[in-house]
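Participant: One letter stands for each residue in the lines below.
There are 4 protein chains.
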Amino acid sequence: MIQEKYRECIEACLACMNACNYCYVSSLKEYELAMLRECIRLDRECADICAFAAEALSRNTLFALEISALCAKACDACAEECEKHSHDHCRQCAEACRRCADACRQMIGAA
Amino acid sequence: MIQEKYRECIEACLACMNACNYCYVSSLKEYELAMLRECIRLDRECADICAFAAEALSRNTLFALEISALCAKACDACAEECEKHSHDHCRQCAEACRRCADACRQMIGAA
Amino acid sequence: MIQEKYRECIEACLACMNACNYCYVSSLKEYELAMLRECIRLDRECADICAFAAEALSRNTLFALEISALCAKACDACAEECEKHSHDHCRQCAEACRRCADACRQMIGAA
Amino acid sequence: MIQEKYRECIEACLACMNACNYCYVSSLKEYELAMLRECIRLDRECADICAFAAEALSRNTLFALEISALCAKACDACAEECEKHSHDHCRQCAEACRRCADACRQMIGAA
Numbered sequence: 001m002i003q004e005k006y007r008e009c010i011e012a013c014l015a016c017m018n019a020c021n022y023c024y025v026s027s028l029k030e031y032e033l034a035m036l037r038e039c040i041r042l043d044r045e046c047a048d049i050c051a052f053a054a055e056a057l058s059r060n061t062l063f064a065l066e067i068s069a070l071c072a073k074a075c076d077a078c079a080e081e082c083e084k085h086s087h088d089h090c091r092q093c094a095e096a097c098r099r100c101a102d103a104c105r106q107m108i109g110a111a
Numbered sequence: 001m002i003q004e005k006y007r008e009c010i011e012a013c014l015a016c017m018n019a020c021n022y023c024y025v026s027s028l029k030e031y032e033l034a035m036l037r038e039c040i041r042l043d044r045e046c047a048d049i050c051a052f053a054a055e056a057l058s059r060n061t062l063f064a065l066e067i068s069a070l071c072a073k074a075c076d077a078c079a080e081e082c083e084k085h086s087h088d089h090c091r092q093c094a095e096a097c098r099r100c101a102d103a104c105r106q107m108i109g110a111a
Numbered sequence: 001m002i003q004e005k006y007r008e009c010i011e012a013c014l015a016c017m018n019a020c021n022y023c024y025v026s027s028l029k030e031y032e033l034a035m036l037r038e039c040i041r042l043d044r045e046c047a048d049i050c051a052f053a054a055e056a057l058s059r060n061t062l063f064a065l066e067i068s069a070l071c072a073k074a075c076d077a078c079a080e081e082c083e084k085h086s087h088d089h090c091r092q093c094a095e096a097c098r099r100c101a102d103a104c105r106q107m108i109g110a111a
Numbered sequence: 001m002i003q004e005k006y007r008e009c010i011e012a013c014l015a016c017m018n019a020c021n022y023c024y025v026s027s028l029k030e031y032e033l034a035m036l037r038e039c040i041r042l043d044r045e046c047a048d049i050c051a052f053a054a055e056a057l058s059r060n061t062l063f064a065l066e067i068s069a070l071c072a073k074a075c076d077a078c079a080e081e082c083e084k085h086s087h088d089h090c091r092q093c094a095e096a097c098r099r100c101a102d103a104c105r106q107m108i109g110a111a
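Residue numbers (UniProt numbering), protein chains in the order written: chain W, 1 to 111; chain B, 1 to 111; chain C, 1 to 111; chain F, 1 to 111.
Where hints are given, some of them may not hold.
Pairs involving identical chains hold if they fit within one copy or between any two copies, as the list cannot separate such chains.
Within a straight-line C-alpha distance of at most 20 Å, the following computed EDC-like cross-link-like pairs (lysine to aspartate or glutamate) qualify [stated by the list, open to error]:
(1) K73 with D102
(2) K29 with E4
(3) K5 with D88
(4) K84 with E38
(5) K29 with D88
(6) K84 with E32
(7) K5 with E95
(8) K84 with E95
(9) K5 with E66
(10) K29 with E66
(11) K73 with E8
(12) K5 with D102
For the record, the hints were derived by calculation from the structure and aren't laboratory data.
Using the sequences and the hints, build the whole thing.
Facilitator: Right, dumping it as structure tokens:
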């Protein structure tokens, strides 16, 4: 019930979407909001790209390599930003982003 | 790293998205295509609605009840159609749809 | 090249998506950020729902009424929030939301 | 109320999304369905990528170049497939795809 060749990558994208959206919601509630502008923006950006990538891979898109490369790039950018902050949600988000970027690159390498 | 109150519902939506898209791709390859018109259409419809619902719940949407009710309705319709066909991908898709509709309704009931 | 019966509603949804995302980006840059938390959250929410509604209507979704009702509700909520703020982007967003909510309700009424 | 620098590209993406989805719905109703398998698949693929690109550009995505390049590639592929068929919906879809691919490439060139 899933595109087997993309299973790991799809699951990493969906875990990353969840972590980014959790970080987005949590960041919007933080007291010190101004320093989180870029974090909020990148959380949404990365969540939306991961969600798009997961659905595209699950429909066996013809553009799997391009979409995974885009996703890896968004994950790198979001991880880099979140690593600047000490909130738990930022740290967990950065970890999910790094794992997803790795999964995307492994999938591209195996293609 | 996930909206805990929606965890089961998000996971059911994502499993259903995968099953619907797998059924969609597989149906488009079947020899007897004409009898699968509605199945193809509903697979895409349901996959897109499940993907949307999962991301909305993961960002703690203000419209969780409306979106889950929409998702349950789409899942019911897709399950009903897939249950008319004997292909493995249709049968598995129908099961994922029924589980997702249940998870959505449970979440609504608990709200 | 468009579902004629939904043309006005699709166009209002897309205009609203653009206005909400413009308000979202602009709000994240404002000096007084804390008072815009709800505005940012609702801008994204409404933009994502409008984008989803427009694509669903353009594929002649079976769930046009439910999706348009959801969209109208999100537009109302976003307009109500944006009307609390005096920024140009908030005022323009509120207007686009009101127009989109009207277009959705007109479409529902005509169905 | 719109990212001015991306206005033409966003509008071309949304017109292409509508044309692709119209062709998708119309193709699924054609009597000779089997010859349209690839057309149906590419219509959905291209519609979903155009919708994603339009929303990403409207939120001033950091990945405008990558996303526009992906969109141009999907539009080329869909146009190429639709040009094989003589249905009005295929011909109109191919034209919208060519226009969108051009708009994406112009935007990339101007960046």
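Participant: Look at each hint and say if it fits the structure.
Facilitator: Verification of the supplied hints:
For a Cα distance limit of 20 Å, the shortest separation of K73 from D102 inside one copy, 11 Å, qualifies, whereas the shortest one across copies, 25 Å, does not. Taking the shortest Cα distances, K29 and E4 sit within 20 Å of each other only across copies (17 Å), while inside one copy they are farther apart (38 Å). Taking the closest pair of Cα atoms, K5 and D88 come within 20 Å of each other only across two copies (19 Å); inside a single copy the shortest separation is 33 Å, beyond that limit. In this assembly of identical chains, the alpha carbons of K84 and E38 lie at most 20 Å apart only when taken from the same copy (11 Å versus 24 Å across copies).
For a Cα distance limit of 20 Å, the shortest separation of K29 from D88 inside one copy, 13 Å, qualifies, whereas the shortest one across copies, 24 Å, does not. Proximity of K84 and E32 under a CA criterion of 20 Å is satisfied intra-copy only: 14 Å inside one chain copy versus 22 Å between copies. For the homomeric pair K5 and E95, neither the shortest alpha-carbon distance inside one copy (23 Å) nor that between copies (22 Å) is at most 20 Å. With identical chains, the CA atoms of K84 and E95 are at most 20 Å apart within one copy only, with a shortest distance of 13 Å there and 38 Å across copies.
In the homo-oligomer, the alpha carbons of K5 and E66 lie at most 20 Å apart inside one protomer (16 Å), although the nearest pairing across protomers, at 24 Å, exceeds that limit. Taking CA atoms no more than 20 Å apart as the test, K29 paired with E66 passes in neither setting, with 34 Å inside one copy and 24 Å between copies. For the identical chains of this complex, K73 and E8 are intra-copy neighbours only, at 18 Å inside a copy versus 25 Å across copies, given an alpha-carbon limit of 20 Å. With identical chains, the CA atoms of K5 and D102 are at most 20 Å apart within one copy only, with a shortest distance of 15 Å there and 29 Å across copies.
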